[in-house]
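Asks: Given next are the chains, with one letter for each unit.
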Amino acid sequence: MLLTCPYCGPRDVSEFTYQGDGNRQRPAPEAQDLQAWNEYVYDRHNPAGDHNEVWQHSGGCRSHIRVTRNTMTHSVSSAVPARGDVHHRATERRKPGAKA
Amino acid sequence: MSPRRNETGGQIDRLKTIRFTFDGVPYTGHAGDTLASALLASGVTLMGRSFKYHRPRGVLSAGVDEPNALVTVLRGTAREPNIPATAIEIYDGLRAESQNRFPSLNWDVGAVNQLASKVIGAGFYYKTFMGPVIGPLQGTRFWMFCEHFIRRAAGLGRAGTVADDARYERMNAFCDVLVVGSGPAGLMAAKSAADSGARVILAELDPRFGGSANWSGETIDGARIADWASEIVNALKGRKNVRLLPRTAVWGYYDGNTLAALERVSDHKETAARGEPRHRHWTIRSKSVVLATGALERPLVFPGNDRPGVMLAGAAQRYTNQFGVIPGEKITLFTNNDTAYQAAASLKKAGANVATIVDVRIDISDQARALAASAGAELIAGHAVCETDGGKALSGIRIQRLDRASGTLTGEPRSIQSDCLLVSGGWSPVLHLASQAGAKPEWDEKLQAFLPPKPTQNWSGAGAFTGRLATADAILEGHAAGIAAAGGNARLMEKPAVEPASVNPEPAPVFEIKAKGKSFVDFQHDVTADDVRLAHREGFISVEHLKRYTTLGMATDQGKSSNVPGLAIMAEALGKPIPEVGTTRFRPPYTAVSIGSLAAERYGDLKPERLTPMHDWHLAQGATMYSAGLWFRPMIYGHAGETVEQAYVREAKAVRETAGIVDVSTLGKIAVQGPDAAELLDRVYTNIFSTLPVGKARYGLMLREDGLAFDDGTTWRLGQDDFLMTTTTANAGKVMQHLEYFLDVIWPELKVTVTSVTDEWAGAAIGGPKAREILAACVEDTAVDNAALPFMGIVHGKIADVPVMICRLSFSGEMAFEVYCGAGHGTHVWQALIDAGKPFGLVPYGLEALGTLRIEKGHVTGAEIDGRTTARDLHLDWMLSKKKPFIGSAMMDREGLIAADRLQLVGIVALDNRPLNGGAHIVEELDEENPHGSIGHITACCYAPALGKYIALALVQGGKGRRGTRAYVSDPLRKRFGPVQIVSHHFFDPEGTRMHG
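Protein sequence lines, in the order shown, are assigned to chains W and R.
For the first sequence, this note's numbering assigns the number 104 to the last residue and increments by one with no breaks.
For the second sequence, this note's numbering assigns the number 1073 to the last residue and increments by one with no breaks.
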């Protein structure tokens, strides 16, 4: 399986670490609603089809990316930086081998 | 009378004689031989014993589909079991051994199992050993009683017990077109793809490229087809855009057109060349794939079809034409299709005596009749083999008239003398990779075989793989597939003239001849046709269940020869057509894969090691090293004649009495920097860091989101926005990832960067009553007295002209300091500290003494923060801030996490003054005979010199309330039982007066 890191390009899945279900919503830190915390910590979607996931390019640039992966075919339809504020950097990525 | 080697012909080098042994008996063969062909040439037909019934078995096939002739190869002290003799290239000094026999292959005690065969049919284990325990000899208890004997009697080769010292490698490769299989179709595909300019990899299972061209005996446009193939291979060899991989099994087809392959680099050599691995694992990413994996011939199922001397017709053709070995003196054939006639003619041409051809069909094509005539064989149509004669070698067959409509045999059996029976039950394309790639094979009524499905990934097929068994068609198809895969423009190719003309490969739909006797479907697992029917009678309808119940197709050959016959018999029993019964999905690997090749450099001498900057110093001082993850750390600095316990007791004592120094460079270190650094720390630690003054350190505890304890360590505030976090050695990576996750995904608004600086700093912890004096003697540019360097204070200074950072904190419970400097100066500063400490009696100490000191103090490590304990369990609830939320704060107070009977940290003192063991249970009442009633377990233990006792830390149910009570240690595995006292985990100096000094 290949994942396309927004910074490093298409790389083998062995360079990445799965960091969990991307649909989880972390309750506000002060929230006391144990049900919401339970859902966040334990409840997971397990769809047969497109799934939102968080992966880390741990063997590369170490950034986290949000990936939409089809669990039936492993095809990845989208991979964007988890930090929303760095979207623009992805488009300015240097070509491999280009001088800094 | 033994079979013999022809004087000419084939792909072997008769000038090179190779010597090897089989079961200790010396034999010779020639370069190019497989073990099977060399043994056949030497007249050996008995090569193995079967799995369950220990029946004598000979070689059935000539390739990786071999179910019978499995041997163990011995190399030095290593032994590798269950390799088909048909896939072993002989080399000088090869030592091979037959399997599953005692005392010898020829005379095997286990063959008595044949007498009991009525009892040990399909499902024997389930029926005998499952279910409730009734008497003393029933159910699982019976199994436990019998297991040892059964495991010895059944099964295949014995695995070796010594470590495998061979080397393995992994490689990644990228190409435009991967061609799997190098028969005429694969060769043409590789050539036409390469001609189109594509980067091509051509992988071939065998040592020789060419596939069937090596043994079909055909000519192409007048030239020998083997020469035609060699010419193409030689042309491809010189091309820059082509990589040829012989001896390479492409065994797995994964998503994204990623394929896995195993290259057997040096198995065929007496000794591997320097630096050469044994196997190389390839991960190949290819834009498109051409599958030209050919087809495998199926045996027919009839009584006695497993007797040595019974062989596939195509295999005999291969032994004759590729290896120059004619497999029998008087050969008979038994077939349901025309391809066997081709084999007969081909054998005759090479000098074989083909006496009889028995065909289940009544209408025989003119072409087949002509081939039978040219082979000089008597053709007996409408008949079937109903039994074979002979003991460990075939002496004859018996045939009867077959009524195909009813499947019954009629008339008196007629005996025919023969020492070799060649069978052909039709051909099954090798679909494994296509099936792995994701689609279901489709049944073809004409070929009576499953054909490749529509591609779900970017692959195409060519040749026998697609059901085109005629060589000329395969060449055309390979040519077109190669161009298409390369994205090139179609170029027309004239159909080559292949002689002799191809026959129609479509067989009659006959899979089994029903007669009295054992008819084997799966030779390797000893599954008979009756076993399949028994499974049906007992209610197994699904083909997947049939497979698991009878173990059909679950042996090391994965049912290459038995899959389709087994399905056909099941379909008949069910009264359904074969496609409705369906086939099981093929799973990787296609052929056996060495575990070593998958581990490759991650095991053995290529595994990375992490060494601290002071590593060489430790070795020079005689330290015994200890691996902690990838790190190596001193365990003890043992003196001559000292036991481990004596050494660590001496070292720990020195720390309490004078001073000791320990290498702490392995601690995880993370620079946490930025305007929101303090805010981040407040969120990830249970206690508050934003109030920590610059120049001070604080002990911190992290929880996981679920409220359980995660990691602990000290974090130093070096500047307003600059912190140095330390983690435990084992969790350095996990904590880093934890921080990165929260910064990237949960709190992207925080302005903080985290950087791993573990390898940038060398660290030494120096502790003991004399520690401060030693520091004062060598530190410059700063004072280290109580005013300048209070408990948890940080100063910057120099040691031996090198900048250092010193923090006063203590893990040992003594007055102690951690001295950090740049990693490159590690040994320099360490040596300066050692020199300064000499007059004070400074002693280097290792992990054992470090552990002892911390157990005496009741400090926790990963043994206690084990992913199941909470802060409260470890008596760290004083660190849980009530003023702010932090990771885990919402979940940590759940009912189950605050229950009174949770395992809590306690101290344990052995009352019998004997050593305790980690992992031993704590019980309330001692019962050595029937150990039960565990209330907890020991996490860490040592002899405590400060107390003069054997002590331990333990996690015990409701531990806090049990302080002062008596319990027992129960360790049945190591036979250690005895009374203990449960006490507070703070064994030594609970007030901390020594470290605060």
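Simulated from the structure, these hints should not be mistaken for lab results.
Ideal Cβ placement from N, Cα and C applies to all residues, glycine included.
Check each hint, because a few of them may be wrong.
To be verified - List of simulated lysine to aspartate or glutamate pairs, DMTMM-like, C-alpha gap at most 25 angstroms:
id, chain 1, residue 1, chain 2, residue 2
1, R, Lys810, W, Asp54
2, R, Lys683, W, Asp16
3, R, Lys363, W, Asp25
4, R, Lys772, R, Glu836
5, R, Lys571, W, Glu43
6, R, Lys530, W, Asp25
To be verified - Facing chain R, according to a computed beta carbon distance under 8 angstroms, are these residues of chain W, among others:
id, residue
7, Arg30
8, Ala35
9, Thr77
10, Ser81
11, Ser82
12, Val84
13, Arg87
Asks: So, against the hints stated earlier in the document, which numbers end up violated here?
Replies: 1, 3, 5, 6, 10, 11, 12
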